[in-house]
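Enquirer: Generate the whole structure from the sequences, applying the supplied hints.
Residue-level listing of the chains:
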Amino acid sequence: MKYILMMSGTKSGVETYKAWSQKDRETHMAVLTGLAKELSASGEFVGTQPLAEPARALLVRGESNGLPITDGVFPEAKEFLLGYWIVDVATPERACAIAGKISSAPGPGGVPTNMAIEVRPFASHGGAA
Amino acid sequence: MKYMLMMNTMRAGQGVPNWPQKDLQAHIAYMKSLRGDLRESGELVAAEGLAFPDQAKLVRAGAGGIPITDGVFPETKEFLAGFWIVDVETPERAYAIAARASAAPGPGGEPLNMPIEARPVMSAPPPEML
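Protein chains in written order, with the numbering used here: chain Z, 3 to 131; chain V, 105 to 234.
No lab work stands behind these hints: they were computed from the structure. Be careful, since some hints might not be right.
What the hints assert, rightly or not - Mimicking DMTMM-like on lysine to aspartate or glutamate, the simulated pairs with C-alpha atoms at most 20 Å apart in a straight line are:
id	chain 1	residue 1	chain 2	residue 2
1	V	K181	Z	E46
2	Z	K4	V	E214
3	V	K136	V	E147
4	V	K106	V	D158
5	Z	K80	V	D141
6	Z	K39	Z	E55
7	V	K136	V	E152
8	Z	K13	Z	E78
9	Z	K39	Z	D90
10	Z	K4	V	E152
11	Z	K20	Z	D90
12	V	K106	Z	E28
13	Z	K4	Z	D90
14	Z	K4	Z	E55
15	V	K181	V	D158
These numbers come from a predicted model, not from an experiment.
Expert: What follows is the structure, encoded as structure tokens:
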């Protein structure tokens, strides 16, 4: 069964991350890179992707005069998707265990961030996409 | 350049929309046709629909790395209903595709004009984040 593990954060949260020391960022990224390798080795890895920062997000709605209507105005509290992992696992518990590993990636001073990771299965109803 | 187009239209606890069967079928047919067109143009990288928010969990690492799960979300939280990743020549093309997804038909066949968030995908984290 396929699950998506989503890491989200607000614009102000992203600014906080940018203020981490170089060493803290390297340690954090090294743990996440290591996790991707582990998942590849176990055959559970489907994909992972970081997104550009929220400042580059736009909202698009249907057309007017054949052109899309775009704006970049979001509520302050909006949580933006920062990145995701797609895994193909045997059980929901395994998806949650992997999310727990992402959550425990180190932050400033090597302390685990314990940030919340949203875990959701792919649709089986053949819906929207 | 790769873009992710996100349909953040779901709210906590939401399940299958309470639309007439015919309208649901028209919506799904529209989305399938969009997916087919993007595949044909070579712009489709991935498209997925997610399970409804009632199946979402939040996971945090607890003591000793044991995952702690809960399913409690703020009322205001937007849930990702589905996404497309497209590989396009220009940002404008990504927005045009997003607009087409936005205009998918809802009840009575009226375009939903739902907001679609469009954001570039990073090929690698930018140097200032490493």
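Enquirer: Let me make sure I understand: some of the numbered hints might not hold for this structure. Which ones are they, in numerical order?
Expert: Of the numbered hints given earlier, those the structure breaks are 1, 2, 4, 5, 6, 11, 12 and 14, listed in rising order.
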